[in-house]
Amino acid sequence: MTPEEKTIRPGRMHYCPVCGHAIAQRIIGEVMDELGIRTRTIGTAPVGCAVLLYDYFNCDIIECPHGRIPAVATGIKRMQPEKIVFTYGGDGDLLSIGLAETIHCANRGENITMFFINNAVYGMTGGQMAPTTLIGQKTITTPEGRIAATTGAPLRICEMLKTLVRPVYIERVAVHDAHHVERTRQAIRKAFLNQINGNGFSFVEILSMCPTYWRMGGKDACQFVGNEMMSYYPIEKFRDASE
Amino acid sequence: MEREKTLVMGNVAMAEAAIRAGCRFYAGYPITPQNEVSEYLAKRLPEAGGVFVQAESELAAINMVFGAASTGARAMTSSSSPGISLMQEAISYLAAAQIPCLIANIMRGGPGLGNIQGAQADYFQATRGGGHGDYRLIVLAPWSVQEMYDLTIRAFELGDHYRNPVMLLADGILGQMAEAIEFREPAKKKPVLKEWALTGCAGRKPNVIRTLYLKEKDALEEKNMELKAKYEKITSELQLSETRFGDDAEIGVIAYGTPARIAHSAVKQAREAGVKVGLFRPITLWPFPALELRKLAACCRKLLVVEMSQGQMIEDVRLARIPATEVDPKIEFLGRGGGWYPKPKELLAKILEIAKS
Chain E
0 MTPEEKTIRP GRMHYCPVCG HAIAQRIIGE VMDELGIRTR TIGTAPVGCA VLLYDYFNCD
60 IIECPHGRIP AVATGIKRMQ PEKIVFTYGG DGDLLSIGLA ETIHCANRGE NITMFFINNA
120 VYGMTGGQMA PTTLIGQKTI TTPEGRIAAT TGAPLRICEM LKTLVRPVYI ERVAVHDAHH
180 VERTRQAIRK AFLNQINGNG FSFVEILSMC PTYWRMGGKD ACQFVGNEMM SYYPIEKFRD
240 ASE
Chain P
0 MEREKTLVMG NVAMAEAAIR AGCRFYAGYP ITPQNEVSEY LAKRLPEAGG VFVQAESELA
60 AINMVFGAAS TGARAMTSSS SPGISLMQEA ISYLAAAQIP CLIANIMRGG PGLGNIQGAQ
120 ADYFQATRGG GHGDYRLIVL APWSVQEMYD LTIRAFELGD HYRNPVMLLA DGILGQMAEA
180 IEFREPAKKK PVLKEWALTG CAGRKPNVIR TLYLKEKDAL EEKNMELKAK YEKITSELQL
240 SETRFGDDAE IGVIAYGTPA RIAHSAVKQA REAGVKVGLF RPITLWPFPA LELRKLAACC
300 RKLLVVEMSQ GQMIEDVRLA RIPATEVDPK IEFLGRGGGW YPKPKELLAK ILEIAKS
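Protein chains in written order, with numbering that gives the first Met the number 0: chain E, 0 to 242; chain P, 0 to 356.
Calculated from the structure, these hints are not laboratory results. Careful: at least some of the hints might be erroneous.
[Stated by the list, open to error] Derived DSS-like pairs (lysine-lysine); straight-line CA-CA distance at most 25 Å: (1) E:K5 with P:K204; (2) E:K82 with P:K204; (3) P:K349 with P:K267; (4) E:K218 with E:K137; (5) E:K82 with P:K193.
These numbers were taken from a predicted model, which means no experiment stands behind them.
Can you build the whole structure from these sequences, using the hints too?
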């Protein structure tokens, strides 16, 4: 495979050091190469730090309005059922402004592959609270740490989607160490294969680092995923109806 | 030979026209007075090999249309005033990304939840942009059930031709009214090649549909200039209107949609009473048919604008008068919001009153 034929374009990504976006996107690209689906894949770019996804992915991409990724993807897949449609979005996009779209898309069982990056903070706008911000976690809009009494508790989307009948595959993974990166790769492969085989809706939540807006070094950020995040967001395969 | 006609509601005429125009995707959320569209398409669209989706909201519906139309398919949604308000963000994106599609607004009374009677109070929203940023929709205004059908087909053709979203703007009366119409087959035209469409990048470079221009210097300014040039082209090529009894008119009645139909009756009655009155009805609301209006206005001493609103199109009538014609007719207005429509008698009385003054 020549560099031009690869899904991830050569060159640097703009993400901060240790940011999970770069890792997650590389794995998605590598799995697409492995499955040989680049030229029949249509991806969606979110609003947020990953909006420039189309600079890195060498395939057809549409940039979606904030929160509407699952709706846009539904329209694409219904008109191009033979193509592979993946979505990529963060906690603001899928769990806050677009929670209704996420749940209804899953509930319809659209035959698409959704990747959800959970880094517990809003990165692009400068570090505000996300629906997934942990209790006690400091952000610029929770300066004393998140308090459930006034801001609610962090949303666990995989657990919510598990209550639905239609999704065929729901798994939460992480990218903070080599072991979990490998498990993430397997989950991403599975999520694509489900679509290729016409099984239905697949959802992979990826716990991810944001050292910049967590105000910590890279090593601490990786440990934050492995300790704090994973104790609230357990690494688990919630549904695998394809096996 | 008498052509076959079918008695059909405006909403159904539009839905059938969409299918015959090759529309293969519809997403919508229920709202009165346009529910017949989704009822009809839920059955007919799958029969025609298309996809019908009842969306979870108007936000989702218009974004599903964004996705479907981005693949090059002909796609549409329909709603009524409050629902169309919810779609404005995505309509701005559709205009920015230059994705052709049809958005039908079967207008009801507003503001707020308003009521479910027909109205024309969304004229500003449709013709001025509605969503954020500098953009325009092509806005078509039918005045009969036959035109609900014909202009729907035209809307898809114009959308593809100019690579722009199109709005069909009809009051609820037109949606609910039944008339005998001809289901004319659309003329066979060579389909517009959509090289920008998302279909997978086999054998070509990847296509990207985006509206963010963050990194490249002056890129957004250039994008705006590109859109401006297109809007100017549309404005010069697509001013559609109809003038009746215009040749010797001293009074010009200006209306679109249902008020134009009612005005037509009133104008005919006033003519029988010896009043020299003509009717001008815009068919494109954007671009507003200023050139044709000026021709009528040049011989009129008075203009009467009739709208099912507190007066919105009247601003375009005033703007169309620049540069001023030789005579400078006084512009009068008859209209109210909230579900009111002009009765022929009331409109005739107004014309006679103006004729006397």
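Verification of the hints:
Taking the CA atoms of K5 of chain E and K204 of chain P, the gap is near 13 Å; set against the 25 Å cutoff, the hint holds. With a C-alpha separation of about 16 Å, the suggested pair K82 of chain E and K204 of chain P falls inside the 25 Å cut-off, and the hint holds. For the proposed pair K349 of chain P and K267 of chain P, the alpha carbon gap of about 14 Å is at most 25 Å, so the pair holds. Distance restraint check for K218 of chain E and K137 of chain E: the Cα-Cα separation of roughly 18 Å lies within the 25 Å cut-off, and the hinted pair is therefore satisfied.
Straight-line distance between C-alpha atoms of K82 of chain E and K193 of chain P comes to about 17 Å, which keeps the hinted pair within the 25 Å bound.
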